[in-house]
Structure formats: structure tokens, C-alpha cells
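Undergrad: Residues per chain are reported as follows:
There are 2 protein chains.
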Amino acid sequence: MKTLEKPYVVGIDVGGQTAKIGVIDTRGSVLSQMAIRSDDTTDVDVFIGNLCGAVTKLCKSYGLKHIRGIGVGVPNGNYYHGTVENAVNLKWGGSKHIEFAKKMRHNIGIPVALTNDANAAAVGEMTYGVARGIRHFIMITLGTGVGSGIIIDGKVLYGHDGFAGELGHTTVVRKNGRPCNCGKKGCLETYTSAMGVARSAREILETTDRKSLLRNFPPASITSKDVFEAAMEGDEIAKEIFEFTGKMLGESFADFVAFSAPEAIVLFGGLTKAGDLLYNPIVKHMNNNLLELWKGKIKVLFSTLKESDAAILGASALAWEL
Amino acid sequence: MKTLEKPYVVGIDVGGQTAKIGVIDTRGSVLSQMAIRSDDTTDVDVFIGNLCGAVTKLCKSYGLKHIRGIGVGVPNGNYYHGTVENAVNLKWGGSKHIEFAKKMRHNIGIPVALTNDANAAAVGEMTYGVARGIRHFIMITLGTGVGSGIIIDGKVLYGHDGFAGELGHTTVVRKNGRPCNCGKKGCLETYTSAMGVARSAREILETTDRKSLLRNFPPASITSKDVFEAAMEGDEIAKEIFEFTGKMLGESFADFVAFSAPEAIVLFGGLTKAGDLLYNPIVKHMNNNLLELWKGKIKVLFSTLKESDAAILGASALAWEL
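For the protein sequence lines, the chains are A and B, in the order given.
Counting in my numbering, the first sequence runs from 1 upward without gaps.
Counting in my numbering, the second sequence runs from 1001 upward without gaps.
FYI, nobody ran anything at the bench for these hints, they're computed from the structure.
Quick reminder that beta carbons are idealized off the backbone N, C-alpha and C, glycines included.
A hint or two may mislead.
To be verified - Within a straight-line C-alpha distance of at most 30 Å, the following computed DSBU-like cross-link-like pairs (lysine-lysine) qualify:
#1 A:Lys284 to B:Lys1175
#2 A:Lys211 to B:Lys1175
#3 B:Lys1284 to A:Lys102
#4 B:Lys1060 to A:Lys185
#5 A:Lys102 to A:Lys57
#6 B:Lys1295 to A:Lys175
#7 B:Lys1091 to B:Lys1006
Claimed, not checked - Label-pair restraints from in silico Cβ distances:
#8 A:Thr207 to B:Asp1209: 33 to 43 Å
#9 B:Arg1135 to A:Lys96: 17 to 27 Å
#10 B:Glu1240 to A:Arg210: 39 to 49 Å
#11 B:Thr1026 to A:Asp45: 30 to 40 Å
#12 A:Pro179 to B:Asp1025: 54 to 64 Å
#13 B:Lys1096 to A:Glu229: 23 to 33 Å
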């Protein structure tokens, strides 16, 4: 067993299906990593028990006796209070107010800091990713849901209550919008998340007779990955779905730019694998909807950090501050 | 002639029709005030000559020999560069890049700082108005256009280029939206500015046969003030127009809250005279569109500063920093 003297922290990225855990050194290297399921219990205490068990196991397997602290990025996480509130995309997160950081600290005996998963990803990108040197940007995470972390002058925007940056729940369709898990209708998330893309596929297959490779799947089982793979094989409907998704994102981004005038919008998550299929319509529709003064000037960047590293690294940045 | 030893500054609020000038003392009292037209020339140098002439006259009439500096709030003003760019609502402002602060300083020989008019109003409200003690809020000015000034943790949000806070040009109607002076379609400003309210009146009068006091006016001459007065006399169409205007604002405010999680949204400008006619639909539709965690928690406040004082006082705050 190695005995390491240097300081280390743990960064955790909690998503709708998995929680990814990494041991990070002072240089921001992810030394060791593992994942556990986050959707196999509806009891938050069971999940926190599993998570703390995994952290302990990971540290032991790496020969670590001490870690400085744990930083957690989690949907609907509140930095000010260490709580998770109304996290509708988490199986155990529906409750109004979960004292997540406190529960975890009690379980594992190490200081825990917590923030929204997208805020964590934004900090990760700013410190180690494509947003290095950019002091004003908006991070958009395209996962099960759509999250956002807003960086103003090099700092996360938390707002008066710690919940700023819920851009996935801005309304993009006012009439007959798709119902969202949050209880509203027409939220950006319902059109541009991985689930939104799958939903677009089902809608178009159900309402037309057009041929598509996607007809090889039972409609209910179609995922955004299936749509991506069909698009890569040249399927017209699949390509249109990415065009539509990019349009919805680009139109919204123009409004976000009018708010905070960022230098860049940074995208992160599985959907970004679609590359130009998504990038081109985003840039086109964003510029079509920007005021003259911003046309052609706002960068759209896709994260180049290894999947999940941005959020793990960003969460770890919180732990160093503990 | 009085000779005053204490330090004074001048605050100027440039609007689409008039520019209001005030002499301000260190306690934030507007000691003397005057206004000139801002829409009687298309030549920016002529306007700046008129403005500097008026400042000199006002200071002389008050017996002031020295003023510390001049702060100007102007639509599309850029704090970083002292410029006015693409100000489509100003007769002399269509040019891409006007070195407004520099030109004024050359003309009058006193240091000049400049910002967006809505940012100036936000600073005025924060320092002297309803937003005292509120560190996170969004100022919305309902005038000829719709402006906004965003305050994050007690500071104006400028963004990477100085142009943050163009919320009047976020898109509220994606299909067949009203054309905006900015070249886009469906901007919030086209529905909720004073001009937008008049336009709503003309549209409803032209497309229905319903009775209304507003039919006493030639359609082209109807102003938001006419609509307000008709509503106060119980005119149904006029009341519906305020309901519609408040709905458009409230829906947009919900999206703004999702961005920066402000404690309050502060409204300013002639339309706020409509009071509950505007306030009630704003609050109702904002709450209908907010995430659960914010419902009923975000304040909507109407400015109580004397008309134009907020922007003059806010602009003067810039001058003290010179």
C-alpha cells in the first residue's frame, strides 16, 4: 500500500443515472476514478451510504489515508446551504429540501462542499478546459436534463438564493409546449436534453410516414444515441432532429447573450458528440437572433475534457476551498 | 451669484425624446434640473453641443464654478469604452460607434463617464430608491423602448464587452413577431414599451369591431397615455391591453429569474403609472412560469423615485468615481 503525503481531494459528479467519483491532486489530475449508480434507490440516505462507501473504497484502493475534503456537483444543489432541493431528475431527489452535504459529512467524517452540477462543470472548464482564460461565459450541460452554470468575471453566478442558472427551465415554446419534469411546459430542457432528442424522434416518427432507420427501434426505446448513430449514417429524419435541437438551443443562446454578454457559450455532455450536426444549427440560429453588435462575435465551444472530468474537477475545486 | 465650495457633479439621462440634466450634491440631492430635446437633430455633434451648452447654463444659473465630473446614462451606452453604439431609438444614434464621452469631454473640458441608461437607473434605485439594500435585482425601464440594468451582488453586470443587459431585445414571440427597431422580430420591447402598448391598441382596434373609448382617437395618434386614461375610465379593451402587456412582461421575468435568481425586479418608467393594472398580471404570469422554488418569492417593485431622478442619480454615481 502506497502512503501519499501530498494533499488530495475528492470530486463527485452526481447525475441522473450515475455518480462519478474522482481523486484529484493539486495540479488537477484525476488520479483514480470510479462510478456508482444513482438511480437504484429512492431513499437519499441509502444513496449517500452507497456514495460514501464508494469514496472510502476508492481512496483505500489508491492507498490514500487522508483526503482534504469532498466537493460534490449535483442537480439542484445549493452552494449556500449544501442542500439539494426539488431535484426532479434524481430518483431520490424529489423532496423539497435534502441536507445533502451535512448527511454526507456525518456519514464519512470529512468536510463536504456542494454545488449545482452545471456550476461545477463550469468551474472545471474554466480551470482546466476550453474556457481557460475566459472570464465571462455560460456553461450548458446537455445530459438527461439541461443544466447551466454562469460565470461572471471569473466567478460562478449564484444569485440571491444560490439557485441562479436554471436556463434549462426557461420557456422556449409558450403554446402547447412539452410537459417538463419540473411541472412547467415548454422548457428548453424538454427539447434539447438527451430525453428531448429522443422525444423529438418519437414525435416525428408517430406523426409522419417518412422512412427512417429509427423505425428499426420500438419508439419507446429510442435514445439520443440511436438518433446520433442514424444521423451519422445519413438518415434524414435523424439529421433534422439535430437541426431542430440546434435551432432551439441557438435561439435560446441569443437571449442568454442579451442577458450577460458572455464571450463564449460552452457546451458539455453526450449530445456534443454530434459535432457539426449540432454545432452548425446552433451557431446559425444564435446569430440570426442576436443584436447586430454581437453577430458573429460570440464563441460556441464544445468541451474537450474527458467525459465527466469537467464536473468532477469543478467539484474538486470546491473541496480545495474547504 | 453664490459661490459654492462643496463638490458637485452633473448627472444626465438621455432618452429618445429628451435629455434631462441634474446637478447633484454628495448626499444625492438633485439641486437643480433642466431638460433639452434629444430628437431635434440627426447630427450627434449638434446634440452634444446643445447638451454641453445646457450643462454650462444650468451650472451657471446655480452659481457653480466647478463641477467634479459628468455622468451620462444613454441607450446603448458602453461603460468600458464611453461609446454609444447602434442606438436605434436615438435620432442621431444609428451610427455603429459614437465616441460620446470623448466628444463631450472635448467640448466642455470636464471628465465624462458614460453607461447604458438602464444601468444608470439601476444604480440610482440601488443607491437612493426602492432597491436600497438589495444586492441582486434586475431593473426594467419601460419607456420609448425597454431597457434593463442587471445588478449582481451590488454591482452592474457589464459582461465581457460592456453590453450586458439588453433584455428588451430577448425574443418573446418566435412566429410572426412584431418587427423591432433593432432589425429583429418579436422582441420584448415591441410588446411592452410605451410604443408597444400603443401598437397593441391599434392592432386590437383594427382587427375587431368592439366598442372602446380609444376609437375617439385617430389610430396613428394613440399613445400609451391614452390607453392608460381609457383603462382608468373602465374601458375593457384598454384594460385588456395592460393585462396583455403584463402577461408578456411576467412571462419574460420568469426566464430572467431563472438566469440570475434576483431578489427583486424593479420597474421604472411612464407605464408604471398604470399601477395594479400592470402589476397584477405581471406577478400572476411571472409566478405561473417560475420554477416551484421561486414561486411567490420574487419581489416586483415599482420605482418610487421622481420620474427621471433614478437615471440622473445613477449617472451621477459614475461621475463621483471619475
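Undergrad: For each hint, tell me whether it holds in the structure or not.
TA: Verification of the hints:
no.: 1; hint: A:Lys284 to B:Lys1175; result: holds, 17 Å
no.: 2; hint: A:Lys211 to B:Lys1175; result: holds, 29 Å
no.: 3; hint: B:Lys1284 to A:Lys102; result: violated, 36 Å
no.: 4; hint: B:Lys1060 to A:Lys185; result: violated, 60 Å
no.: 5; hint: A:Lys102 to A:Lys57; result: holds, 20 Å
no.: 6; hint: B:Lys1295 to A:Lys175; result: holds, 21 Å
no.: 7; hint: B:Lys1091 to B:Lys1006; result: violated, 37 Å
no.: 8; hint: A:Thr207 to B:Asp1209: 33 to 43 Å; result: holds, 38 Å
no.: 9; hint: B:Arg1135 to A:Lys96: 17 to 27 Å; result: holds, 25 Å
no.: 10; hint: B:Glu1240 to A:Arg210: 39 to 49 Å; result: holds, 43 Å
no.: 11; hint: B:Thr1026 to A:Asp45: 30 to 40 Å; result: violated, 58 Å
no.: 12; hint: A:Pro179 to B:Asp1025: 54 to 64 Å; result: holds, 56 Å
no.: 13; hint: B:Lys1096 to A:Glu229: 23 to 33 Å; result: violated, 46 Å
Going through the hint list in order, the structure does not satisfy hints 3, 4, 7, 11, 13.
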